[in-house]
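Chemist: These are the residues of each chain, in order.
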Amino acid sequence: MNSASSDNSFSTATIRKGVAAAWPVCLGYVAVGLAFGVIARKAGLYPLEVGLMSLLVYAGSSQFIAAAMVGSGAGILPVVLTTFIVNLRHLLMSSSLSLHLRQLSGPQTALFAYGITDESFAVNSARFRQGDWDWHDALVVNHLSNIAWVTSTIAGSLLGGFVPNKALGLDYALTAMFICLLIFQVRNSLQAAVALLSGILAVIIALFVPGNYHVIIASFFAATVGLIIRRRKRRREKS
Amino acid sequence: MNIEILIIILGMGAVTYIPRWIPLYLLSRRTLPPWFVEWLDFIPAAILSALILPSILIAGEPRRLAPLTPEFLLAFPTLFVAVKTRSLAKTVLAGMALFWLVQKFSLT
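For the record, the sequence lines run as chains A and B.
Heads up, the first sequence is in the working numbering, so the first residue is 1 and it goes up one at a time.
Heads up, the second sequence is in the working numbering, so the first residue is 1 and it goes up one at a time.
One chain only, chain A, in its complex shape (with noise of 0.2 Å):
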């Protein structure tokens, strides 16, 4: 694909695209950024503070995490810091995305970046599996999403108690959504296999190691575990 030809793909058709791809994070986000909003502004953060934060950090769990910390008056330090850990596992989604996303210039790497998170990279990194995807689409679920977030979360923290809670199963969008795109990347027993044994040890670290360290090194591990036993399942039939 070169990249001069590209830029002018914006289409009505990639939007239409996008929208069809995105609505499930879209409704999730919605439901987590109205909940996200409320309690960011019981922590005391003001509506401007809660759409800065959800416009420059873009990520959730860390967001109510460093809300709470500022909530019960951590400092500076703290909070970066444990964002910065929390936030880690976005290294394997870039790295994963970098698959599918080849020869794209300095600039739209920077572009792209900026909306990787666990939602969007399930649902393009399904699309680009199943194929008739480019880095446009891709985009426009980025952004889409975000502008979901953003404005929810503003929201949230405008609207305070009056969110209601619980509503129309909303709250389960997104683990219904993990699930579905769970299967899609499921192709083989060994590719069921690695997810089984990450979903495990993320659960074991999970209950045994303070912090949120657990999805990085579960799929690390597990992909590596993946990894040996198909070179070694290939070494086998070759000789």
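Just so you know, the hints here were simulated from the structure itself, not pulled from any lab data.
Hints may contain errors.
[As the list claims (entries may be wrong)] With beta-carbon atoms standing in for the labels, derived distance ranges: (1) A:L168 - B:A14: 32 to 38 Å; (2) B:L10 - A:A68: 16 to 22 Å; (3) B:A59 - A:S11: 27 to 33 Å; (4) B:A66 - A:E237: 39 to 45 Å; (5) B:K104 - A:S105: 49 to 55 Å; (6) A:I147 - B:L73: 30 to 36 Å; (7) B:T31 - A:S11: 29 to 35 Å.
None of these values were measured; they are calculated from a predicted model.
Cβ atoms here follow ideal geometry from the backbone N, Cα and C, with glycine treated the same way.
Since chain A is already given, all that's left is putting chain B on it; use the hints.
Modeler: Just chain B now, kept in the frame of chain A:
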């Protein structure tokens, strides 16, 4: 706006953005060794599973195993819908509907 909060937000933004950007920037324009591509091929399934399972199986502070929650139990019918329909829309709507029903008819 409180200056300390502003610094916290800027710091959080920087440390979140860097891990998102560095791998994409470094890896997207070079040829990767085959073993690394194969390793990355396992990452989506591994990450999704590592995100989902703790989020539905662990609750509370301090964290404890909570397998008898709607979050965990409803994962099975949701998984079934996903496997049967292979449709993201149907799975999300089915999951939401089930969760809504269970919340409506329990723990009032």
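Chemist: State for each hint whether it applies.
Modeler: Comparing the hints with the structure gives:
1. A:L168 - B:A14: 32 to 38 Å: holds, 37 Å
2. B:L10 - A:A68: 16 to 22 Å: holds, 19 Å
3. B:A59 - A:S11: 27 to 33 Å: violated, 45 Å
4. B:A66 - A:E237: 39 to 45 Å: Holds, at about 43 Å.
5. B:K104 - A:S105: 49 to 55 Å: holds, 51 Å
6. A:I147 - B:L73: 30 to 36 Å: Since I147 of chain A and L73 of chain B have Cβ atoms about 34 Å apart, the given range 30 to 36 Å holds.
7. B:T31 - A:S11: 29 to 35 Å: holds, 31 Å
Going down the numbered hints, you'll see the structure goes against just number 3.
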